[in-house]
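**Student:** So the sequences go chain by chain: A and B.
Heads up, the first sequence is in the working numbering, so the first residue is -4 and it goes up one at a time.
Heads up, the second sequence is in the working numbering, so the first residue is 8 and it goes up one at a time.
What the hints contain is simulated information worked out from the structure, not anything from laboratory work.
Backbone N, C-alpha and C define an ideal beta-carbon position, used for all residues, glycine too.
Label pairs and their computed distance ranges (CB to CB):
1. B:ASP328 - A:VAL112: 51 to 57 Å
2. A:ALA93 - B:GLU52: 58 to 64 Å
3. B:GLU62 - A:LEU132: 47 to 53 Å
4. B:ASP249 - A:VAL85: 57 to 63 Å
5. A:VAL96 - B:GLU52: 50 to 56 Å
6. A:GLU114 - B:ASP283: 54 to 60 Å
7. B:PRO373 - A:VAL112: 56 to 62 Å
8. B:ASP91 - A:ALA93: 48 to 54 Å
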Amino acid sequence: MTRTLACAALLLMSIPGPARAEGAAGLAFGAAAVHVASAEHELRPLVGLWGRLGFGRGGFAEVEASGTRRIEDGGVVQVDERWARGALTVGCRTGPRALEVAVAVGPALTYRDTVVVGEDRWRATALQAGVRYRAGLLLPLGRRWEVDLLFGGASRRRNHDQELVVQGGGRW
Amino acid sequence: MPRLALRPVPAFQALPMLGLATSCGEPDLEADRYLAFQREPDGYEVAPRLVGTLEDLATITGRLGEVRTGGILLYENDGSMTLDGDRALDVGYDVQDGVAVPLDEDGLILWSFYGHLEDIADQLPALGLDGDVFFPLNSAWTPVLPDLLLELLPKENAAYATGGHFFVLLDDLFAKDVPLVANAGVIRHEFGHAVFHVLTSGGVHRRPPFAAADTSVPSLYYSSLHEAFADTFATLSLDAPDYFEDSLPMTSRDVRGDWTIDQVETPEQFHRTAGDDPLALYDPYPLGTVFASTAWDLREALGDPLEAWAILLEGTRIWVDLSTPDNAWALLDAWVAAAGQGVAAEALCASIETRFGDAVLVETCP
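Based on the sequences and whatever the hints tell you, model everything.
**Tutor:** What follows is the structure in structure tokens.
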């Protein structure tokens, strides 16, 4: 999978495009499919912040911070699971300016913080490193705004999470 | 809970994992307790319990067996079931003051399941059963199920795979105070199926008398007796006549109810009404509950669940020796025979007369 993504990125970067060094930043909303102990993927809401800086012919670096939360509040126990993820990815985009295709890959850190409230209150935390990957469509809205549709994921130990987000923001 | 039930291919698993992941914050494995749902006299609580026989909290592997995830359940030609393609669990957790705390709810539920299994193993000698016969007993969490009807709603269930000798555990569709797999009574019900299978088949890996797909009258009686025995094991070993209520409102399974044979459909009646309809399904639970309620009447009369269990287990062994596994009415005779004389026999006969009436003639009753 890593090799496939790398090859795809190199292929896309080799396609000539207009030189641009623009930046963009904004908010992201979507749905995360989070890998849990049972090997299931649980669907959860996701919100995030992102910033992108272009370089060269279609290259870009992107930083993201996103989070999910799930509260299971039963009569016997409350389980409050919070996730936060930070990632730095490098990628490329290509295609007509009206609708570009982008792919990116890079390292990610996921912080998990779970509070279990039963007869007492317990807390579990973990910091898990992995590989982040994203792919999707970038749609400019005029000269100053854009909205993107991106599929992505990140590995954690032997697990992986995925998500589908719509992100919007301003360009400069 | 049926003897078998099923589940779908987990969504979003098409992408293989990237192989470059590393992990920070690996849990301190020196936990001496782990969080679990535990049944107390006044209800359930989530509290630490001793690690005991659980040797690996991440994969849920211990002397009593291993919980695996995924895979596909296969029907074998001999009527038994096997699991193929399953893989190890990876329960994330942290340790706080020696207590392993799971990073998500599924970990809590699956640890609770193992804890219930351990409670059963501890109690088996008092129940007159040999733990070496039943353990290790592995479990399959949310495997793919081969039965289309069950695959459509592969949730809210648990099962014991006869012949294959493993549990099938499914997750809940709706949130519950006590998730089904964390309900001690549900797990005991499934273990009761294992006990009945051993009694009627001769061993955990022996072929069951009837295949799961067999819908003949004898097979349906056998299914009903399976459910009856499983509920008898659960209610008496836990001394809980309504163990389901902690998870689901299901008064139809409360063995204190006034359930009688007149209220339920027998396999013969089912065959008359269903005819050749291939989609008709017989519900073995109502008839099973009439039997389990009779067993509970004995417990009420004796005031001791384990004394009642000992009589019913002995009676079931007599029945296995003298009858066929589909002869439901002979089981009642054998239970009375095992009760001997006195309060137990009188209580059983009174219960049989009330619940079965003229439908059954128990020769051992006056």
